[in-house]
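Protein chains in written order, with the numbering used here: chain A, 1225 to 1335; chain B, 1225 to 1335.
To be clear, the hints were calculated from the coordinates, so they are not data collected in a lab.
Treat the hints with caution; some may be incorrect.
For identical chains, the list gives no copy identity; a pair is met inside one copy or between any two copies.
Said to hold, decoys possible - Straight-line distance between alpha carbons at most 25 Å, and here's what the computed SDA-like set of lysine to any residue pairs gives:
| id | residue 1 | residue 2 |
| --- | --- | --- |
| 1 | Lys1286 | Ala1302 |
| 2 | Lys1271 | Asn1227 |
| 3 | Lys1294 | Gly1309 |
| 4 | Lys1294 | Gly1311 |
Protein chains: 2
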Amino acid sequence: MTNPLDQVFAALADPTRRAILAMLLEDDMAVTDVAEPFAMSLAAISKHLQILAEAGLIAQEKRGRVKWCKLEPDALRAASVWMQGFGVFDPVDLDAFERFLADELADPSSP
Amino acid sequence: MTNPLDQVFAALADPTRRAILAMLLEDDMAVTDVAEPFAMSLAAISKHLQILAEAGLIAQEKRGRVKWCKLEPDALRAASVWMQGFGVFDPVDLDAFERFLADELADPSSP
DNA sequence: GGTAAGGTCAACCATATGGTTGAATATGAA
DNA sequence: TTCATATTCAACCATATGGTTGACCTTACC
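Using the sequences plus the hints, can you model the full thing?
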């Protein structure tokens, strides 16, 4: 899975990871805080964050003993371009996006 | 993996499947013809097509003994909306898309 | 009818994925 | 120093994924 599109799409295929990205849309967060709403171990979240980082979707910076996670939406660009090539898409429908966020953040612990 | 976004993104995470979608952008195709450029068994391609169909990205219709595959770009809409929520994306960059297609179709047999 | 073409199914295999736990490593605070 | 917090590592487990092969069904053709 060397192809960056492979990595980005695979990263996005997991609901936990999409929920994490949505959370980071609000603000940068420490690993522990990212993990808090999820019903899974910190180690599991740490792995998800690694996958997101390898796909370039987040950046992680360690400051002191806490590691901060920051959204890197630019990594979505290539995937977005790929998809746009197929369609006929409406101009950005932010309402629809808000609905997604609501759904995915509602109960991220049961993906 | 009940969530439709899960299915769509997972389907897109495989280079063979993305190449198939790109091929279908040109025209509807029979399963055998879809399989032709790939260095893998017909059965493998058949499975990929099932995954694409379950994600709603293609429709399959059997006419006579040949099964036709047809692109269903609408299935990309939800995923596209999700991604658009993160960005700041340029207006559709078709040149970039053409480059992707060129890359992915160049040698789909070695994903 | 017999035979070939188009696809799928079933069983199998190797590897990847998503999770767990417990131990280990920093770093900060008392 | 000692202790607690923040995070990762390593080993493990169950299941999913992407591929193979060979048998199978259906539909066309001679």
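Report task. Kindly indicate which numbered hints from before are broken by the structure, ordering the numbers from low to high. Result -> Hint 1 alone not satisfied by this model.
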